[in-house]
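Protein sequence lines, in the order shown, are assigned to chains A and B.
Sequential numbering of the first sequence, starting at 1, is according to our numbering.
Sequential numbering of the second sequence, starting at 113, is according to our numbering.
Accuracy of the hints is not assured; some may be wrong.
Calculated from the model, a selection of chain A residues having no Cβ within reach of chain B, i.e. all distances over 12 Å [stated by the list, open to error]:
hint, residue
1, Gln16
2, Asn30
3, Arg45
4, Ser74
5, Val78
6, Gly105
Heads up, incomplete: computed chain A residues facing chain B, CB under 8 Å, no partners named [said to hold, decoys possible]:
hint, residue
7, Gly43
8, Gly50
9, Tyr87
10, Gln111
11, Pro112
By construction, these hints were calculated from the structure, which means they are not laboratory data.
Bear in mind that the values here come from a model prediction, so they are computed numbers and not experimental data.
Glycine included, C-beta positions come from ideal geometry on N, C-alpha and C.
Listed below are the residues making up each chain.
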Amino acid sequence: LAKTTQPISMDSYEGQEVNITCSHNNIATNDYITWYQQFPSQGPRFIIQGYKTKVTNEVASLFIPADRKSSTLSLPRVSLSDTAVYYCLVGDKDTGRRALTFGSGTRLQVQP
Amino acid sequence: ETGVTQSPTHLIKTRGQQVTLRCSSQSGHNTVSWYQQALGQGPQFIFQYYREEENGRGNFPPRFSGLQFPNYSSELNVNALELDDSALYLCASSLASRPEETQYFGPGTRLLVL
Numbered sequence: 001l002a003k004t005t006q007p008i009s010m011d012s013y014e015g016q017e018v019n020i021t022c023s024h025n026n027i028a029t030n031d032y033i034t035w036y037q038q039f040p041s042q043g044p045r046f047i048i049q050g051y052k053t054k055v056t057n058e059v060a061s062l063f064i065p066a067d068r069k070s071s072t073l074s075l076p077r078v079s080l081s082d083t084a085v086y087y088c089l090v091g092d093k094d095t096g097r098r099a100l101t102f103g104s105g106t107r108l109q110v111q112p
Numbered sequence: 113e114t115g116v117t118q119s120p121t122h123l124i125k126t127r128g129q130q131v132t133l134r135c136s137s138q139s140g141h142n143t144v145s146w147y148q149q150a151l152g153q154g155p156q157f158i159f160q161y162y163r164e165e166e167n168g169r170g171n172f173p174p175r176f177s178g179l180q181f182p183n184y185s186s187e188l189n190v191n192a193l194e195l196d197d198s199a200l201y202l203c204a205s206s207l208a209s210r211p212e213e214t215q216y217f218g219p220g221t222r223l224l225v226l
C-alpha cells in the first residue's frame, strides 16, 4: 500500500506561488499521482494528475522527478479562495480494491 | 459543480437507529464510491460499486452496506448506528474503476448520531 506524507499546514499570502511537496517512497510502477482540493463541508475536487515529469493545467502544475518518490503541487499566484486542504494520492493496488487513499492532507491558509 | 448530488444534506439520528443516504452520480458513470470523513481527517474509503456489484471494500463493518441502481443512483445504508458514525459521508462517481480514473465527489451528507 503506497503511503503519502505531506506537511500538515502551510501559510501564504495572496499573489504568492505555493509549492506543496508530497513524499511517496513506495509508489508502484503503474501508480498515478493525483491531487485533490477540499473546502470545508464540501467534497474533494480533482485538481491535477500526472505520472512523470511535469503536468500543467489551468489551475496548477505538478512536478514529478524521475524517481517518482515525491511530487510537488505548484499553485501560481494564490488568492484567498485557495484556502483549503490539499490531498496527494497515489493508486492503491490491493486486489479487488479501487479506492482513493487519502492522508490527512495539507491545510493551506492564504492571508491577504 | 461535479454533477454528483447527495441527499439529505444533514441528518440527525440516535444510537441504534438505521440510516439511508442517497447519491446520484453523473450520467454515464458506472462506478460509485462511498467515503466517510470524520472531522479534521481525510476521507476514508467505505466501498465501491461497479455496474451494481460491490467492487472493493475498506475497513468498515458489515453494518455498512450499499446498493447501486441502473439509473446511476446509489445508497449507503448504516445499521445500528454508533456515536462514532457521526461524520461527513461522501459519494464519488467515475467512468471506470481504475485507480487513476478521476472521481467526482458530491457535497456530502453530514450525519450526527446522538
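Hints, verified against the model:
1. Gln16: Check passes; 25 Å lies beyond 12 Å.
2. Asn30: Answer for A/Asn30: violated, closest chain B Cβ roughly 8 Å.
3. Arg45: Non-interface label on A/Arg45 violated, nearest chain B Cβ at 7 Å vs cutoff 12 Å.
4. Ser74: Non-interface label stands for A/Ser74: nearest chain B Cβ at 20 Å, farther than 12 Å.
5. Val78: holds (21 Å)
6. Gly105: It is violated; A/Gly105 is separated from chain B by about 5 Å at its closest Cβ, not greater than 12 Å.
7. Gly43: holds (3 Å)
8. Gly50: violated (10 Å)
9. Tyr87: Interface hint status for A/Tyr87: holds (6 Å vs cutoff 8 Å).
10. Gln111: This hint is violated: A/Gln111 lies away from chain B, its Cβ roughly 21 Å from the closest one there, beyond 8 Å.
11. Pro112: Hint on A/Pro112: violated, closest Cβ of chain B at ~25 Å, above 8 Å.
The structure fails hints 2, 3, 6, 8, 10 and 11 (numbered hints given earlier, in ascending order).
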